[in-house]
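Novice: If you want the building blocks of each chain, they are given just below.
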Amino acid sequence: MNHAILILTLLIAPLLGFAFNGLRFRSHNAYLAGSVATAASFISFLCSLALFFQLKDLPPEARHLTSRFFDWIVVGDLRVPFGFTVDQISAIMILIITGVGSLIHLFSIGYMSHDERPSKYFAYLNLFLFNMLVLVLGDNLLITFVGWEGVGLCSYLLIGFWFSDPAKAAAGMKAFVTNRIGDAGFLIGMFILFFTYGTLTYSDLLQLIPQVVESTWTGPLTLAFLFLFIGATGKSAQIPLYVWLPDAMAGPTPVSALIHAATMVTAGVYLFVRLSPALIFAPHAMEVIAWTGAATALVAATIGITQWDIKKILAYSTVSQLGYMFLAVGVGAFGAAQFHLMTHAFFKALMFLGSGSVIHAMHEEQDVRKMGGLRKYLPITHFTFVLGWLAIIGIPPFAGFFSKDEILWQAFSSPHGSKALWFVGALTAACTAFYMTRLMALTFWGKSRFGKDVHPHESPPSMTIPLMVLGLLSVIGGWVGIPHVLGAVLPGHPSNLFEGWLKPVIGHVAHHEPNVIMEWALMGVSVSLAGLGAWFAYHNYLVQPNLPKAVAAKLGPVYRAVANKYYVDEFYDRFLINPLIATSKAIWLYIDVNVIDKVTYFAGDLVSGLASFAKTVQNGKTQSYALYMALGVAIIMTFVMWRG
Amino acid sequence: MLLSLLIFLPVLFALIVAMLPEKVIRPASLLMSLLHFALSLVLFYRFNPSSAGLQLIEKTPWLPTFGVNYFVGIDGISFWLVILSTFLTPLVVLGSWTAITEKIRSFHICLFLLSSAMIGTFLALDAILFYAFFEASLIPMYFMVGVWGGARRLYATMKFFIYTMAGSLFMLVAIIALIFMTQEQLGTMSASIPDFYKLQIPFVAGDLLNTQTILFFAFALAFAIKVPMFPVHTWLPDAHVEAPTPGSVILAAVMLKMGTYGFLRFVLPIFPLAAEYWAWLFMLLGVIGIIYGALVAMVQPDIKKLVAYSSVSHMGYVMLGIFALNIYGVTGGLYQMLNHGISTGALFLLVGMLYERTHSRQIADYGGLAKVAPIYTIAFIIVTFSSIAVPLTNGFIGEFLILLGGFEANKIFGGFAVLGVILGAVYMLWAVKRIFFGAPGKLVGGGGDTGHGGHGVHAGHGHGHAAHGSHDDHSGLDLEIGAREMFVLAPLVILIFWMGLFPSDFLNWSKASLDHLVQNRTNYQLNVEE
Chain A
1 MNHAILILTL LIAPLLGFAF NGLRFRSHNA YLAGSVATAA SFISFLCSLA LFFQLKDLPP
61 EARHLTSRFF DWIVVGDLRV PFGFTVDQIS AIMILIITGV GSLIHLFSIG YMSHDERPSK
121 YFAYLNLFLF NMLVLVLGDN LLITFVGWEG VGLCSYLLIG FWFSDPAKAA AGMKAFVTNR
181 IGDAGFLIGM FILFFTYGTL TYSDLLQLIP QVVESTWTGP LTLAFLFLFI GATGKSAQIP
241 LYVWLPDAMA GPTPVSALIH AATMVTAGVY LFVRLSPALI FAPHAMEVIA WTGAATALVA
301 ATIGITQWDI KKILAYSTVS QLGYMFLAVG VGAFGAAQFH LMTHAFFKAL MFLGSGSVIH
361 AMHEEQDVRK MGGLRKYLPI THFTFVLGWL AIIGIPPFAG FFSKDEILWQ AFSSPHGSKA
421 LWFVGALTAA CTAFYMTRLM ALTFWGKSRF GKDVHPHESP PSMTIPLMVL GLLSVIGGWV
481 GIPHVLGAVL PGHPSNLFEG WLKPVIGHVA HHEPNVIMEW ALMGVSVSLA GLGAWFAYHN
541 YLVQPNLPKA VAAKLGPVYR AVANKYYVDE FYDRFLINPL IATSKAIWLY IDVNVIDKVT
601 YFAGDLVSGL ASFAKTVQNG KTQSYALYMA LGVAIIMTFV MWRG
Chain B
1 MLLSLLIFLP VLFALIVAML PEKVIRPASL LMSLLHFALS LVLFYRFNPS SAGLQLIEKT
61 PWLPTFGVNY FVGIDGISFW LVILSTFLTP LVVLGSWTAI TEKIRSFHIC LFLLSSAMIG
121 TFLALDAILF YAFFEASLIP MYFMVGVWGG ARRLYATMKF FIYTMAGSLF MLVAIIALIF
181 MTQEQLGTMS ASIPDFYKLQ IPFVAGDLLN TQTILFFAFA LAFAIKVPMF PVHTWLPDAH
241 VEAPTPGSVI LAAVMLKMGT YGFLRFVLPI FPLAAEYWAW LFMLLGVIGI IYGALVAMVQ
301 PDIKKLVAYS SVSHMGYVML GIFALNIYGV TGGLYQMLNH GISTGALFLL VGMLYERTHS
361 RQIADYGGLA KVAPIYTIAF IIVTFSSIAV PLTNGFIGEF LILLGGFEAN KIFGGFAVLG
421 VILGAVYMLW AVKRIFFGAP GKLVGGGGDT GHGGHGVHAG HGHGHAAHGS HDDHSGLDLE
481 IGAREMFVLA PLVILIFWMG LFPSDFLNWS KASLDHLVQN RTNYQLNVEE
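If you read the sequences in order, they're chains A and B. If you use the working numbering, the first sequence corresponds to residues 1 to 644, in order. If you use the working numbering, the second sequence corresponds to residues 1 to 530, in order.
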């Protein structure tokens with residue numbers, strides 16, 4: 001089929017689903033609403049598959065299918081078509097978005113079956129899908145920005161879906177505003193690129209950017225990337241703008257899985273992989289990205305250790321894993337970043353849905369202290385969750401192992417990497433293993449800690465089938481990216497297919513001689529660290545359950561700081577938000593009402609003064625008006641004549 | 001004839017209203033305003049968008065001694081403003097159906113006279129004629145606020161009047177100076193604006209007291225007050241708060257545009273050197289206006305005042321765009337003028353609908369409105385998205401182009417203006433959160449009888465399947481909007497998306513004029529196509 005029709009169908013299907021459910025938003029029929037929405041998503045998935053296979057049949061250098069529907073903005077030299085391109089990067093993205101998306105839609109039918117407004121929920125979910133597809137398919141930065149803001153909007157609507165709870169409504173607003181801070185950076189980055197290179201279209205931009213390394217911090221390319229990265233820190237929850245994502249857990253759990261784990265939050269990574277052929281010429285920007293990513297990975301992982309809300313643990317885990325992806329981008333491992341994006345989408349969506357299944361079973365309980373021993377009651381959820389757990393902590397041959405190991409190796413070996421970056425990454429891996437094992441131990445293993453009145457039950461098939469599919473993907477999803485050293489010793493030599501697929505469209509940094517022994521050694525170290533972290537958590541929370549309390553008590557202020565998320569939200573409140581509100585009130589009540597109005601009253605007095613002066617000659621205000629006018633005419637005419 | 005008909009038909013309508021029996025005034029006014037709108041659509045057939053010149057010219061001597069003519073014409077700059085004016089009048093008539101209950105006759109007469117003056121302002125090509133319309137528009141507005149306004153309406157009208165009068169006096173003096181100059185330089189006295197473009201007005205850079213700078217500031221002050229620009233904006237919040245809904249809508253949607261239109265019609269082309277020299281000042285004030293307006297809007301307890309300050313912020317964008325003096329800024333500025341007319345007009349209508357039911361505009365009185373009034377909520381949120389410039393709404397196109405142009409003209413100002421993108425989201429979404437989300441507020445749910453108190457819960461359940469589920473109970477405060485109000489809002493919502501998705505449908509009509517204005521800025525002339 002013609003690729004333009006496929007792209008159009010891909011985009012229109014979720015939009016029609018949105019229209020269908022949006023127009024009957026009062027309906028309570030979750031089954032109908034969910035079926036339509038899931039079908040729309042699935043149609044998009046089929047289109048994505050078709051496009052993927054069309055692309056595969058093309059020679060590697062010619063793998064891009066573009067269709068431009070109409071010119072959107074045409075002003076001056078700016079010409080922005082509503083254009084979409086499927087290439088190696090966006091093909092992977094649309095497969096993830098619609099594939100994982102369909103599973104999450106399906107899961108939602110069961111999850112939202114008792115909700116008051118299921119139609120609205122599914123309408124938003126479809127609208128999100130549409131915007132996310134626009135984001136990744138856009139063939140220029142501005143269309144990407146349309147999707148970028150669009151997904152932010154849907155995120156806002158879905159986080160605050162249960163808006164009667166003021167905390168949830170506040171979380172939605174916090175997400176939107178924090179993202180807007182990032183978007184302001186995105187805009188400036190776009191402006192710099194447009195006025196330096198004269199275009200916003202990716203393919204033109206990547207051709208027009210001079211292939212010269214920018215060695216200064218103030219070069220246009222470096223500045224543009226730094227500003228675009230501000231955008232990415234918002235959307236992809238990096239330091240300093242990550243604070244919205246943990247709060248975003250106020251939304252329904254499938255939303256957390258789709259938007260706040262698998263797809264939307266990876267948009268920043270996608271953007272930088274997309275622009276990577278240019279990014280390699282801005283090494284300073286890469287340095288900032290690598291260190292921000294590494295720092296975010298570690299900070300979020302440490303916070304994850306101290307959380308008790310199952311969704312919050314997963315949220316901080318997501319922030320941390322996104323940090324890994326940016327670490328990869330920063331060291332020039334763009335293929336690895338994209339690869340981890342994909343495997344993370346599988347295992348994190350799986351675990352979020354799994355947590356949804358747990359929360360559903362526990363009647364909206366999210367505190368892991370009140371769970372325990374759920375393995376017995378939720379066998380399928382538990383089994384699939386184990387697969388996700390093994391994947392995220394990086395045990396071979398589960399999906400996360402390959403992608404995380406690739407990132408760590410590149411952080412160590414790339415010319416943009418360093419031992420320090422590797423060390424932070426490896427430490428994060430140990431923390432990850434610890435908090436994820438802790439989550440497993442507290443939720444599924446050990447003794448039950450919930451009351452007798454709670455009767456957890458396994459979820460219906462519409463919810464467990466997505467879990468099983470994602471579980472399978474968490475196992476085999478990494479096999480498309482087996483590193484060369486490992487591929488060399490395996491039967492059939494399956495070398496890195498994933499990277500080979502991406503090769504023509506991503507940037508490449510010059511590499512040192514491969515050091516096979518070192519790569520094996522580091523692989524061993526990272527797996528051992530993961531094992532150690534996992535064992536430590538197992539020991540702490542199951543074998544000696546009193547130990548964590550003792551440790552927490554011993555660490556005292558350090559523990560409290562971490563448990564309170566390093567007081568970052570409090571810091572922002574005290575030093576940013578409160579002063580902003582106080583300043584605004586001050587300028588309103590002082591400058592607007594006092595200074596400016598006083599001046600006006602003075603002018604007013606002057607006029608009425610003139611009027612009363614005029615009254616001494618004649619009565620009435622029109623006369624004062626005339627006099628004022630005459631005086632003015634006289635004054636200005638004098639000037640004009642005088643300067644002539 | 002077409003343009004004169006557009007200007008004076010409303011005067012005839014006003015006369016008709018004066019003679020009609022009270023009962024039929026509303027439907028008759030609606031019909032007549034629709035007729036007027038339909039007539040303005042004829043412009044799409046008569047106006048040639050590929051020409052940058054002045055079209056559909058009508059010229060008759062008026063005060064020949066002073067070179068003053070009745071001289072009207074249209075170009076790509078005034079084109080949409082005229083249509084915006086005619087488009088909004090029927091919506092205002094329909095929107096005030098139940099809001100205005102006293103002196104209905106006088107109200108509609110005011111409305112039609114105002115419409116006539118506004119369209120006259122946009123179409124006048126003679127400076128004195130322009131001045132006459134510009135000032136004449138004040139009178140019906142003065143009455144609208146003074147007669148149908150709120151408690152402090154007298155204070156507000158005085159402030160409004162003094163401010164705008166003071167400004168326009170300077171403009172009148174400057175117009176007279178320009179007329180004298182035409183005599184000097186062109187041989188005959190002329191008040192025609194295209195003749196003003198031919199003047200060579202002496203300019204000395206770095207000198208405050210040269211002719212071009214003085215005249216530039218005389219015009220700029222008059223228009224800046226009208227826009228209103230920081231720091232001469234304080235009349236606006238008071239006027240808006242006291243004005244009745246239709247007054248607010250017209251004031252924000254059309255009358256403020258007279259100011260920005262004045263910059264494009266007079267200030268930029270007549271004083272190109274001074275405009276370029278002082279562009280930084282107006283960009284700076286524009287940026288301050290964007291941020292200042294947004295910050296002050298954020299802390300307003302009164303919804304209407306919040307929308308009024310948001311106007312200061314939005315009009316700051318327009319000024320930034322215009323004084324960026326490049327095609328992105330000027331195009332964005334013109335687009336933002338239309339956007340602001342639509343989204344702020346819609347916001348005032350929405351606030352009015354709520355006020356009509358509860359008689360409160362205090363944000364603190366609300367909360368949880370989304371549950372009892374879902375359709376109202378959807379409309380409000382769509383308009384909010386337009387107001388905070390979410391892509392694929394009209395607001396985005398305007399704001400993006402302005403910021404792009406502003407950034408090209410001055411990186412620092414452009415960079416700071418981008419902060420407005422953040423602050424805009426803050427004040428609007430914070431208001432939305434407090435009005436629509438959370439627990440039911442004082443006036444929501446618990447406002448009327450007890451039966452209505454449970455309405456919030458009901459809306460989701462029992463009556464959900466019926467299309468008019470929430471209308472079965474009129475005894476309490478029914479905060480959901482009705483069919484008439486949906487008819488008022490629907491065209492605005494449609495335009496929000498139409499203008500956001502297909503901006504070329506609109507910009508193509510103005511492109512030639514805007515390109516011409518930017519490209520020939522220092523030697524701007526307009527062909528008068530007789």
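Some clues are possibly wrong.
Said to hold, decoys possible - Taking lysine to aspartate or glutamate pairs in the DMTMM-like style, the calculated list, with each CA pair at most 25 Å apart, reads:
#, chain 1, residue 1, chain 2, residue 2
1, B, Lys511, A, Asp77
2, B, Lys411, A, Asp309
3, A, Lys585, B, Glu356
4, B, Lys433, A, Asp569
5, B, Lys433, A, Asp77
6, A, Lys598, B, Asp302
7, B, Lys442, A, Asp57
8, B, Lys433, A, Glu214
Hints listed in this document are in silico derivations from the structure and should not be mistaken for laboratory results.
Novice: Against this structure, judge whether each hint is valid.
Specialist: Structure-based check of all given hints:
no. : hint                   : result
1   : B:Lys511 with A:Asp77  : 13 Å, holds
2   : B:Lys411 with A:Asp309 : 45 Å, violated
3   : A:Lys585 with B:Glu356 : 28 Å, violated
4   : B:Lys433 with A:Asp569 : 20 Å, holds
5   : B:Lys433 with A:Asp77  : 40 Å, violated
6   : A:Lys598 with B:Asp302 : 22 Å, holds
7   : B:Lys442 with A:Asp57  : 64 Å, violated
8   : B:Lys433 with A:Glu214 : 45 Å, violated
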